[in-house]
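Protein chains: 2
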Amino acid sequence: MVKVGILDCHTTEFTKETDKDIVNLACESAIPILRNNPLENDIESVIISSCSEQQYLGPIVSESLGIKPKNAFKLDNLCNSGTNSITIAYSLISSGICESALVIGVEKTPSPGSVLKWDITRGSFRNPIYWASLFAKSHMKRYKTTREQIAMVAVNNRKNASSNPKALFRDLIKIEDVLKSRLISYPLRLFDCSYSCNGASAILLASENLVKKTADQPLWIKGIGQSTQSASFSKIASNLASLESTKNASRQAFHMSKLKPKDIDIIELHDAFTILQILALEDMGFVEKGKGGYFIERNQDTGFINPRGGILGCGHAIGATGIAQTVEVIEQLKGLAGERQISNCNNGIVHNLSAAGTSANILIIGKD
Amino acid sequence: MVKVGILDCHTTEFTKETDKDIVNLACESAIPILRNNPLENDIESVIISSCSEQQYLGPIVSESLGIKPKNAFKLDNLCNSGTNSITIAYSLISSGICESALVIGVEKTPSPGSVLKWDITRGSFRNPIYWASLFAKSHMKRYKTTREQIAMVAVNNRKNASSNPKALFRDLIKIEDVLKSRLISYPLRLFDCSYSCNGASAILLASENLVKKTADQPLWIKGIGQSTQSASFSKIASNLASLESTKNASRQAFHMSKLKPKDIDIIELHDAFTILQILALEDMGFVEKGKGGYFIERNQDTGFINPRGGILGCGHAIGATGIAQTVEVIEQLKGLAGERQISNCNNGIVHNLSAAGTSANILIIGKD
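So the sequences go chain by chain: A and B.
All residue numbers in the first sequence are consecutive under our numbering, ending with 386.
All residue numbers in the second sequence are consecutive under our numbering, ending with 386.
If you are wondering where the hints come from, they were derived from the structure by calculation, not from laboratory data.
Check before you lean on any hint, since a few could be wrong.
For chains that are exact copies, the list does not tell them apart, and a pair is met inside one copy or across any two.
Capping the alpha-carbon separation at 20 Å, the derived lysine to aspartate or glutamate pairs in EDC-like fashion look like this [said to hold, decoys possible]:
#, residue 1, residue 2
1, 309, 234
2, 278, 306
3, 352, 194
4, 309, 194
5, 231, 281
6, 159, 315
7, 278, 31
8, 278, 71
9, 265, 60
10, 162, 39
11, 135, 39
12, 253, 60
Fair warning: this is a prediction, and the values are worked out from it, not measured in the lab.
Can you make the complete structure from the sequences, with help from the hints?
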C-alpha cells in the first residue's frame, strides 16, 4: 500500500459576510497551495467538500485554478464532508489511482446543510440545537455535569480563537457571558452554539514517493476511522450521553495508526455545540466517560484541544470545517501555528460528526 | 494492492413518471442486492451517485436499507457521477479502507443536472443540445459524415432497447423517423436526443478476498481512466470533432488493464446525443478517426455497442446512468443478459462524459 502524506495546506478567513461566489471562495483557499506546489505534473484529483447545490463544482473550480486533474467531483455529507473527502483522497492515492489530490472544503451562507429538514423523526425540531440540548440535559442528569462546566468549553475555545486571525469570533468571553446569553433551547444558550459562516480550506495530499521528494518534514495520514449509525435522531436516542459513531470511528483510527490517546498532542474535535466537546473527549478515550465536564473545569488551559478556536470560535463553514480542522493539525505538527503553537507536537487527531452524531469520522496525522 | 471485484448488481426500470421519492428509488435498486448479499458483515461503504440536492442522502439511504456502513456519502459530477463513484469504491477497497462498497446511482426528474446553467461561455445556449449540434456539424463538415449515419445510431440503440425490459423507449424506429422528428438545433432532431428520466441502479463491489469466497465466476475492475479538461465549452471548442477527455481516459484505462480495443467484447458508451456515439467509438480507438459514421452505416447490427439500448433507448437518469451501463456490462459478462446476450463476452468497457465532454471516465471490467 502506498503511504499518503501532506504537501501543503491553507485556510481562508471565516466570515459572516462575503462578496465572493462559491467558486471564488474555493479558489482563495487553493491558490496559495498552487503557488507553492512543487509537483512537476498536474494535480490528479480535485475533491470539493461542500453542501452547496452548485452542479459540476469540481471541474469548475479546477478550470478556474488552471489545472486539468484526472477526476474532479463534489462530495456532500454535511459536517462530515471534509474528513470524508480527505479519506477519499487517501484512498485514491493509496490505491495508486492518483498520485496527488487537492481537497477543497468550501461553504457559502445560507448553506442548505444547516437545517436537518429530512428527519421527520425530530417532529418539527429540525434545527440541530434541539438534539444538542437533549445531549446536554442527558449528560447533566446522568453524570452531574454542571451548566458552568459546559459553558467553560465556549470560554476556552473563544480564548484559543483570540490568537487565530482566521477565526470569526476573536473576543474573549467569561462563563457569566455564556450563562447570560439568550436561551435557545434549555439548557443551551446562544454562546453554546456555533455560527454558520462562509469560508474555505484546502489540503494537497500526495503519494509517499512525491512527499519524500519535496517535503523536509513529511506528515502522514496514519489512521482513519468512520462510522454511520443512522440518519435519524430516533435511532440514536437510546443513549444521549454518548455517541456510538464517534466511539467506533475512534477505535478504528487508533487501531490503524497503532497509536493510543496518550500519543496524541493536539485534538481538533467537533464542537458545533459546547456539549459535543465533552462527549467527544469521552467517546474518543481522552477522558473517562462522564468525567468530561470535570476535566474541562480542572484544565482551564486546554490549548491542545481545538487550538484554532474550534467551531465555536472559528464559525462553521460546514463543508470547509473538517478541512480547516485538519489544516490546524498540520500547521501545529509543522510548527507553523504562530502564537497558538503547541510544543512537542508529533501526532494529532481530527474528529467530525454529522446530524446529531448519527455518523462520525476520525483522522490521525503524524510525523514519521 | 487489493484486487476489486463485483458481487452483485441491479437496475430498476427507467421511467418518465414515478410516485417514489429519491430515497425509495435508491432502495428499489439496492434491495435485491441486499437479499442476495452473501457478506457476513455489514457493507462498509455506501456511495450515492446523484445530482439530487437532497442532503445527507448516503446515511438516509443506508438507514432505510437497514445497514450501518463505515462511510456513506453523496458524490455529484453530472453524467460522470456513476463511473466516478465506482472509481471511488474501487479506491476505498483497493486501499484497504473498506472491504465492500455499495454504489447506488439514482435520479428523480426534474434533475438539476439537465441544464448547464453555470457555463456563461455558452451565452444563452445552456442546454446540452447546443453543443451536441456543434459536434455534429463539425464532424459532418470535416469527415463527410452524413445525417443518415448519425440517425442510424438512434435506430440501432432503440433496436437494442426493444429487448431490454428496463428501457424507457422500446419501440423500433427507422432512419426516416429520426429525420422527420422535430428539429431541435440543426442538424439534431428530437430522436437524436436522450430523455431525462427517473431510475436507479446499484452495484456491490468487494475485495478480492470476499469476491473469491462468494463468486463462482469473479469479475474484476481491470482498468480505470479519468480526465477533466475544463468545465466550460469555450475551452474545448478548438476541435469539435474529437473529445480530448475521452481519449485521455481511454488511454489510461487500456494501459492499466493491459488490454487493447480488440480485446473488448461489449461497449457501453455515452450516447446522450447520437453524435456522441460516433465520437466515442473513434476517441476510444475502436474506429479510425473520422470513420465512425461509415462504421455505423456498414455495421447495422451493432448489438455489442450499447446492448441495453444506450442512453437514447433507456432514458437518462443522470446519476444512475453510469451505474446502469456498468450493470449491463456485468450482466453480459455473467451471461445473464437474456434476449440481448452477446456471445463469448470476456471483457467490457464503460464510457461516460459530462458537460460537452469536458470530462470523461472509462472503466474496463473483465473475467479472471
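Worksheet entry | Violating hint indices (sorted, rising) | Hints 1, 3, 4, 5, 7, 8, 10 contradicted; others consistent.
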